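Asks: Residue numbers (this note's numbering), protein chains in the order written: chain F, 1 to 171; chain S, 1001 to 1171.
For the record, the hints were derived by calculation from the structure and aren't laboratory data.
Hints are supplied without guarantee of correctness; some may be wrong.
Distance windows between CB atoms, simulated [claimed, not checked]:
#1 S:Arg1072 with F:Phe104: 51 to 61 Å
#2 F:Pro36 with S:Gly1057: 34 to 44 Å
#3 S:Ile1068 with F:Ser90: 32 to 42 Å
#4 S:Pro1130 with F:Ala94: 24 to 34 Å
#5 S:Gly1057 with F:Ile102: 54 to 64 Å
#6 S:Arg1072 with F:Asn54: 42 to 52 Å
#7 S:Met1140 with F:Leu20: 12 to 22 Å
#8 S:Met1140 with F:Phe100: 16 to 26 Å
In this text, all values refer to a predicted model and were calculated from it rather than measured experimentally.
A virtual CB, placed ideally from N, CA and C, is assigned to each residue, including glycine.
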Amino acid sequence: MKTMDIKILIDKYFEGETSLKEEQILFTFFTQNDMPDNLKSYAEQFRLLSEAANDKIDSDVFDEKVLTKFNDRQFPIISKFNKQYLYYISGIAASIIIIFGIIFQFNSKEENHSQSRKKIENIYNDPQTAYLETKKILLFVSLKLNQGLKETEKISTFDKYQEIVKEKKEN
Amino acid sequence: MDVEEFKIKIYPFKDKLYRFAKRFLVNREEAEDTVQDVFMKLWQKRYEINKNGSAEGLAMTMTKNLCIDKIRAAKYIKFEGIYPDLSVDNLTPLKKMELNDSINKLEKILSQLPQNQSLILHLRDIEGYPFDEIAEIMNMTKENIKVNLSRARKKVREILLKKYQYENDGY
Chain F
1 MKTMDIKILI DKYFEGETSL KEEQILFTFF TQNDMPDNLK SYAEQFRLLS
51 EAANDKIDSD VFDEKVLTKF NDRQFPIISK FNKQYLYYIS GIAASIIIIF
101 GIIFQFNSKE ENHSQSRKKI ENIYNDPQTA YLETKKILLF VSLKLNQGLK
151 ETEKISTFDK YQEIVKEKKE N
Chain S
1001 MDVEEFKIKI YPFKDKLYRF AKRFLVNREE AEDTVQDVFM KLWQKRYEIN
1051 KNGSAEGLAM TMTKNLCIDK IRAAKYIKFE GIYPDLSVDN LTPLKKMELN
1101 DSINKLEKIL SQLPQNQSLI LHLRDIEGYP FDEIAEIMNM TKENIKVNLS
1151 RARKKVREIL LKKYQYENDG Y
């Protein structure tokens, strides 16, 4: 290639106007050792850029690392979240739940009422038992209340002693 | 899609992902980890990836976003690990030799550019992407890409000329 043509390409290059093909011509030209003096100053730049393309990953080490990562872990597939699908499914689920709820209501309505009715009947039929049970409960509650009150008394004793300590300090 | 199919689909551009991540993170291991992370994410989304089309653009964009997140997190925690300590005084002779490697040399040059310029230069001059793909990965307009590309290329030349000047005058 003539020196003049190369010079034109070089100027285009520095303006960012060269095509990939033209750049290829330049890079090829500067790999040769024999060139006119006025172009020698450009050689280094093209040489460094050419050689940088030879930098590579250490293949074996890399392959090993990647392979182990693929085999060891289960990677979930990240797919786009489809809202429509979610609404569809939850709609169906809700309907099923409601249907089951209604079915169970019909089945148990009769039974539940009869059970609670029986309990109430029992209590009313036997006032003695009702009275005894109530007494038991009230006794139990008052016992617990007394225990609670005992504990609260302790607090007032504590207050008393606090007062005494205060007075001693002041003196 | 099973694992084998997946690997066949994405392995072709694993080095591009690696180089891109390394452009952000500088550190080799961090870059490799990022590529692994991107693979995992792609695997999770495997049913959304068009079977016939390429997942490359998507993967590159994911890489960019992941790197930006990592850099932000590192800044917040004041994490020392991501950027290697490149101050020359601390390095062993062997490390200094490695630094003369052209990949590291270019890295040092590109680190002096604003991030967008460095990324766009990387995508065009190292990976050879057409402008519309770069626009999609970077989320910028084509015109904006060209402007940044031109500035980046000029800046790199400027830095290289300065270096040569220094090396010729200094010793």
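Asks: Now tell me if each hint is right for this structure.
Replies: Here's how the hints hold up against the structure:
1. Between S:Arg1072 and F:Phe104 the Cβ separation comes to about 57 Å, which falls inside the hinted range of 51 to 61 Å.
2. At roughly 40 Å, the beta-carbon separation of F:Pro36 and S:Gly1057 lies within the given 34 to 44 Å, and the hint holds.
3. About 39 Å separates the C-beta atoms of S:Ile1068 and F:Ser90, a value consistent with the hinted range of 32 to 42 Å.
4. As the Cβ distance of S:Pro1130 to F:Ala94 is approximately 54 Å, the hint placing it in 24 to 34 Å is violated.
5. Separated by about 56 Å at the C-beta atoms, S:Gly1057 and F:Ile102 satisfy the suggested range of 54 to 64 Å.
6. At roughly 30 Å, the beta-carbon separation of S:Arg1072 and F:Asn54 lies outside the given 42 to 52 Å, and the hint is violated.
7. The supplied range of 12 to 22 Å is met by S:Met1140 and F:Leu20, whose beta-carbon atoms lie about 18 Å from each other.
8. Between S:Met1140 and F:Phe100 the beta carbon distance is about 59 Å. The supplied range of 16 to 26 Å is therefore violated.
Comparing the model with each earlier hint shows violations of hints 4, 6, 8; every other hint is respected.
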